[in-house]
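Chain B: place on chain A using the hints.
Quick note, the sequences are listed as chains A and B, same order.
Going by the numbering used here, the first residue of the first sequence is number 1, and it counts up by one from there.
Going by the numbering used here, the first residue of the second sequence is number 1, and it counts up by one from there.
Calculated from the structure, these hints are not laboratory results.
Some clues are possibly wrong.
Each pair may be met inside one copy or between any two copies, as identical chains are not told apart.
[To be verified] Derived DSSO-like pairs: lysine-lysine, alpha-carbon spacing no greater than 27 Å straight-line:
1) K252 x K188
2) K252 x K136
3) K252 x K130
4) K145 x K243
5) K145 x K188
6) K119 x K188
7) K188 x K48
8) K199 x K145
9) K136 x K305
10) K119 x K136
11) K188 x K225
12) K306 x K136
13) K11 x K306
If you're wondering where the values come from, they're calculated on a predicted model, not measured in any experiment.
Residue-level listing of the chains:
There are 2 protein chains.
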Amino acid sequence: MRYGELPLEAKCTRCKGTATIRMPSHHANFCPPCFLRYFQTAVQRAMKTLGIQEPGPLMVAVSGGKDSLALWAILNELGYETRGLHLNLGIDGFSHSSEEAVRAFARERQLPLSIHSLKETFGYTLPEIKGRTRRKICGVCGFLKRQFMNRLTVREGFRYLALGHNLDDEAGRLLGNIVRHRTQYFAKQYPLLPSRHEKVPTRLKPLYRLEAHEIVTFCRLASIKPCEDPCPLSGGATSHVFKEALDFLEAKMPGTKRDFLFSYVDRRPPPPAHPDFGTCRRCGEAAYETICSVCSLLERLEKSKKNSQES
Amino acid sequence: MRYGELPLEAKCTRCKGTATIRMPSHHANFCPPCFLRYFQTAVQRAMKTLGIQEPGPLMVAVSGGKDSLALWAILNELGYETRGLHLNLGIDGFSHSSEEAVRAFARERQLPLSIHSLKETFGYTLPEIKGRTRRKICGVCGFLKRQFMNRLTVREGFRYLALGHNLDDEAGRLLGNIVRHRTQYFAKQYPLLPSRHEKVPTRLKPLYRLEAHEIVTFCRLASIKPCEDPCPLSGGATSHVFKEALDFLEAKMPGTKRDFLFSYVDRRPPPPAHPDFGTCRRCGEAAYETICSVCSLLERLEKSKKNSQES
Chain A
1 MRYGELPLEA
11 KCTRCKGTAT
21 IRMPSHHANF
31 CPPCFLRYFQ
41 TAVQRAMKTL
51 GIQEPGPLMV
61 AVSGGKDSLA
71 LWAILNELGY
81 ETRGLHLNLG
91 IDGFSHSSEE
101 AVRAFARERQ
111 LPLSIHSLKE
121 TFGYTLPEIK
131 GRTRRKICGV
141 CGFLKRQFMN
151 RLTVREGFRY
161 LALGHNLDDE
171 AGRLLGNIVR
181 HRTQYFAKQY
191 PLLPSRHEKV
201 PTRLKPLYRL
211 EAHEIVTFCR
221 LASIKPCEDP
231 CPLSGGATSH
241 VFKEALDFLE
251 AKMPGTKRDF
261 LFSYVDRRPP
271 PPAHPDFGTC
281 RRCGEAAYET
291 ICSVCSLLER
301 LEKSKKNSQE
311 S
Chain B
1 MRYGELPLEA
11 KCTRCKGTAT
21 IRMPSHHANF
31 CPPCFLRYFQ
41 TAVQRAMKTL
51 GIQEPGPLMV
61 AVSGGKDSLA
71 LWAILNELGY
81 ETRGLHLNLG
91 IDGFSHSSEE
101 AVRAFARERQ
111 LPLSIHSLKE
121 TFGYTLPEIK
131 GRTRRKICGV
141 CGFLKRQFMN
151 RLTVREGFRY
161 LALGHNLDDE
171 AGRLLGNIVR
181 HRTQYFAKQY
191 PLLPSRHEKV
201 PTRLKPLYRL
211 EAHEIVTFCR
221 LASIKPCEDP
231 CPLSGGATSH
241 VFKEALDFLE
251 AKMPGTKRDF
261 LFSYVDRRPP
271 PPAHPDFGTC
281 RRCGEAAYET
291 ICSVCSLLER
301 LEKSKKNSQE
311 S
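So here's chain A without its partners, still in its complex pose:
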């Protein structure tokens, strides 16, 4: 929020009241009520684009950060029946604050919440896994959370899993895939991924039309208190580099980021629902290989544990 850049006595572009919120990518300034209306409309429009016509039950993946709590709040306001799903990663301090932010949010709004821990689910905390593998921990954390969220969503009888990825996340990922010619990921670069396996719900990203700074503003106006600590294990992730390059272009040419992502999404149909997964012969979850990434990781972790106990 760059209040300092708002002209004195700036008027709201919608209602001509006093504006306090700058929206450079819309060449507009908003007052708080008009901003909230804009935010709601953006999510409704996203749901319509994604083909979700009726408010039905949605599982919401909640990390405790600004995006997932804003998502949970707005879906609830729009009348969706929701349940929050949180996975405690077992990272000292960070995981405790994250879980507390989620619990406080659910308590205040009296929303149903399921909390699980990585340790109880897979037998290890994330730092324990990091100590036993040479793989990049952000990638490992990604597929562990993905399988866990999919599994629990289906087990609790939900067809949809809503995720907090915002416009900056999606545009950054698109730019990265384009610059690195990762054409194999283009088909899945869409804010809705239909279910392609009985153990995988349809995944959707209702915040894909909203920028990170707009979500920060929404949290402030809606009195949401997210966990603001950065993950202490995420150093070295390259995903933010493409977001920063887009922020650079956005600063020079406001609106670039939105136009870039939307004209890509709007020109394309959602990816097809035909199955490209098999089934893991060990755990029965969706898998690209005969054994899923989670079982294959757990197997290597077990070996490493035995080796360290023997030596």
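Just chain B now, kept in the frame of chain A:
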């Protein structure tokens, strides 16, 4: 050139002699002779990729800047018969320095050179045009130079016109077209554009494999003294913004810029040679409309001149 970052007593990656040149995008350091060999090879490889097998006569568009003089020098070293073609834009100071740099280069190397001026060719200097049109002057200068260079190349009996665009220029243009979804330009985003009209030569960009900083190094090693003044009319051009965004990615992930451009160029054939131009019914040059952009501009300039004389 970031000499400061070269480790003391760094070895040349090729010959193990003393390295003085850092090549971060190649994860290499070079000594001057190995750098010059690398530079030559890059141009030879470009010519091969562009399907130019035999050194034949080439017209070279020379502005007097580093890229066009480096291009002229290297094509000459590689045994091509070349002629330089310079257009003086009539910009106070800048155009004089540019023409002087071109003349000095041709004189020292005893290379044939044709010099013309915008005033003598079209009746106006660039500042005069800028004063009489609301269009962005960089775009106007672009199509005036393009038609002039094409016309003179064909008139002097050359089939090929070589242009100094480098890797940074081409990658920046590609990124801009992708981010802005200017899909209509994708087909022409290639370092070779076959002739599509009898008044248009085949245009090629033999430096597309070389980064701007590599060309600066080449000029220094080859004792080329380009005009280093920036064009005083170019303020506000947005083309450099995409180059800067790529420089940002390159600094974080060296090699990104090359990979981005090359995997795009290498996956595609050159654009087809079928004609998409008509012929201007006023001047007979290539034109997308019934009147070419140059005649249409000149017509408006004449009107504006008459109006200002009458008032």
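Flag every earlier hint the structure violates by its number, smallest first. Going through the list in order, the structure violates hints 6, 11 and 13 and respects the others.
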